[in-house]
Amino acid sequence: MTEHPNVTIAADDGVVVASLSGEIDLSNAAEITDALLVGVPNEALGLVIDLSEVSYIDSAGVRMLAELDHRLGWRAQALRVVAPEESRSRRVLEIAGLERVLSLDTTVEAARTSVQDPSEEPELPDG
Amino acid sequence: MTSPVGIRGDRPGVVPRISRDDLVPILVLGVLYYAAARLGLRLAIVEDNITPLWPPTGLALVAFLRYGWRLWPGVAIAAFLVNLPITNVPAAVLTAAGNTLAPILAAWLLERAGFRQQIDRVRDVVALVGLGALLSMTISATIGSIALVLSSRIALDEFWGAWTVWWAGDAMGILVVAPFLLCVLTWNQVEPKLGLRRLPEALVMLALLIGASVFAMWNTGQLLFLLPPLVGWIAWRFQLRGAAPAVLLVSTVAAWAASRMVGWFADLSLTEKMLTLQLFNATIAFTAFFLSALVSERTRARERLQRAADDLEGRVRQRTSQLVEANEHLGHEITERRDAETKLRRSEHELAEAQDLARLGRWEWDLGSGTVTWSDDLFRIHGYAPGAFPMTFEKAVELVPEEDRQRIERNLAAALAMRRREVPDIEYRIVRPDGELRALLGRARMFFDDAGSPVRMLGVVQDVTERVDYDRQHRIAETLQRALLPQDLPMVDGLALAARYLPAEVGFKAGGDWYDVIPLVGGRVGLVIGDVAGHGLEAASVMGQLRMAVRAYALEGHRPADVVAHADSVIRVVAPDEIATMTYVEVDPASGAVRFVGAGHPPPIAIDAEGARYLELPKQPPIGVAAGWAYEEFVVDVERGAKVVLYTDGLIDRRDIALEEGLERLLAAAGRDPGRPVEAVCRELITALVPGEAADDIAILAMERLRVREAFRFRMPAEPAELARMRRALGGWLRGVGVEPEDTNDLVLACAEACSNAIRHAYGPGAGTVDIEAHRDDGAVEVVVRDFGRWRQRRGQDGGRGLALIEALAPSMRIERSERGTVVTMRRTLRGAVSV
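Line by line, the protein sequences give chains U and V. Counting from 1, position 119 in the first sequence corresponds to residue 119 in this note's numbering; the numbering is continuous, with no gaps. Counting from 1, position 152 in the second sequence corresponds to residue 279 in this note's numbering; the numbering is continuous, with no gaps.
Check each hint, because a few of them may be wrong.
In silico contact screen, one side only, chain U against chain V (beta carbon under 7 Å); selected entries [as the list claims (entries may be wrong)]:
1) GLU23
2) ASP25
3) LEU26
4) SER27
5) ASP58
6) SER59
7) ARG63
8) ILE95
9) ALA96
Derived by calculation from the structure, the hints in this document are not laboratory data. Just so you know, even glycine gets a beta-carbon here, dropped at the ideal spot from N, CA and C.
If we strip away everything but chain U, and leave its shape as in the complex, we get (with noise of 0.2 Å):
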């Protein structure tokens, strides 16, 4: 499946870009998950998920985010994943602790310019 309603996605310079929109919870999870997967080339440097449109999002979210991550590590691949600050997904993925093993940004652009040169990302985000 390469095509999901609530996926968008767009790629560029090696960096694609998911604009996640509407609710994500059990019942759609694993959808999303492969048509991210499917989604992502293997010659992607990696995959910014974007959930500023996200209305709602549950522990089925958080476990799809962390289940990408663990299979985009497998093949070398950033996932960087966008949550405006006071959104209802930062606070959900904050509260189930995500921001502690993945690296969540504010805007895309800011998202992409980390996949695109890591280095420039600080190790860890200061405590």
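Based on the hints, put chain V in the right spot on chain U.
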């Protein structure tokens, strides 16, 4: 009213046929009539046939009343013969016809009027006087007077005088003679019987009456007033059996005195004499019979009253004894249960001891020589006398069924192959000579020589049949009961419901408790809690049948009292020796009217803002005890937010504390924190009252009448695709009850996590439902998510992510997992301030 004295069936209007058998009675009647007429004529005042008292009419009437009017020829012929000497043939024929017709008419009229020959009612007296005497006798008087005129015995202008005398004489004949004859004929058909001990009284009165009448008649009449009170007294003491003879006696004396012109009659003219005599006789007769009938009526009324009172008293006594019996039965039952428990515990202990000591058999197998030695006990365990036959290994395993034998051999082979000293324990069966199967537990140890070859085996065998049976029974009863109890509670508008069933942990005790929730028409719901006496498979199966019966009757729309009464009939049929206690409750969530019918069950608890109290229902016997008991309902109005808790006695009836103390503890536990939801009530009651293992089954069913606006109830199919709809519904409700957006989002998220877990873990694909309940009290919202499946996977990494989220969002989360499903309760204190 049918007279107890049969009037032989001559129907009015049907001319009776005279048979040959009637000839003798006709003849007898004729002779008697003739004799009575001759006697009457001796009392004649004028001529030879004008007499103030004509006894034959009374005789004829009684004969017709008792034996039917086909005896008329006797009367007719006798009357003809009596009259013939006084007149010519045609006049005698005419007169005889009148004398016959008048009593026939009288008898017919009296029968139609329902006249009783005992003359023990006022209406009988009135009928006799009015219809029998005054009316009917106009016939004989008219015909007789016409005959007198036609035969020229009297002139035409004397007609009315003759008529009057004739009529009065015949009427008096009826009034004076008929009651006497009837009284004699019905003497033994009247209650009360007169015994000999009343003879002296009767004789004294008879003497007094004769003396008084003779004295009064011969003493110029001034003393005549003595007679009415005397006759009245006799009538009062003896009723008809005194009144009728007295009237006959007084009238006869008076008539005789008048005809002999003696006493006070001496100075009177003929007319005056007739008039005085008739009036006197009529007064005496009427007064006497009226009084006697009145007394009889009153006596009967008093007897009826007495009988009714006796009957009532009898019924009260019966009911009371039924109640006492029910109570005793109940007490007995409780004692019996206690005794049985004690016995069971003791026998469990003894069994263990017996197995440890006597039921332990020992054997030794010398592998070199192949000889096997059994201890005496081992022979006994196998059902043989000690040393019954020489033992070998082959012989020993012959007693074991094929498949178990193979297991033993495999076990042994494995032990030999691995050269292990300890042979693994093995449970196997043996067949005793009488065919009985026993379960044995074998333990053995192998001994090796220095070269490492096995030389000898030593073993012990324990008979564990009872323990195996016991475990199996316990397991089956518990499984059966679980299968029979409702798998999930229905959602009822306006009510929150929660239930718990806790099987007894030990013994054969699982079985008899049940609860049920039955949605009825009109939004009402039936709640049931019950306890079939006894335990084990039998009780569980009775319980299952009762539950279905109660369900069926409730669904048919019977009143609560009738539902219980029907359950009572059902238990009599399905298990005549069993009894059960139960409480049936019909709740109308809209009005709050709750109708209770208790049948020997512990009292329900009502919880409101002020705390908990027992609802003292009217004491009524358990079902299966008092056949036909009219169960009564007890109606309580339950406020919104108030709760009712039903439970079985396992919750209060514990061995280590008295029943009263159990009840007090329960009330105290129930009254704690009255605002908590019903799930919490069930949970905390069990925590508070059953700290260890449950010794008896426990069932709890709790209900809260919700503050409608503040409750959210949602049932979703356990499908991921349904989650979004649930989130919207819950979110809408939360906003509707004024919860701020952030709290709303967090609560929706927490709830969705719990639902997702239920969907992922509780059910297979496409099966089951998840129930969500939420309500808001002052500063908090509680969300309860319930599934009814068995979690196939314990909290693992995946489920853990969801749970971690819930814990972060609603720190007071609680998870209860049981075989009936999982309940996740999340409570979140609201911030009350606007946030992002």
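Original post:
Out of the numbered hints, which ones does the structure contradict?
Top reply: none
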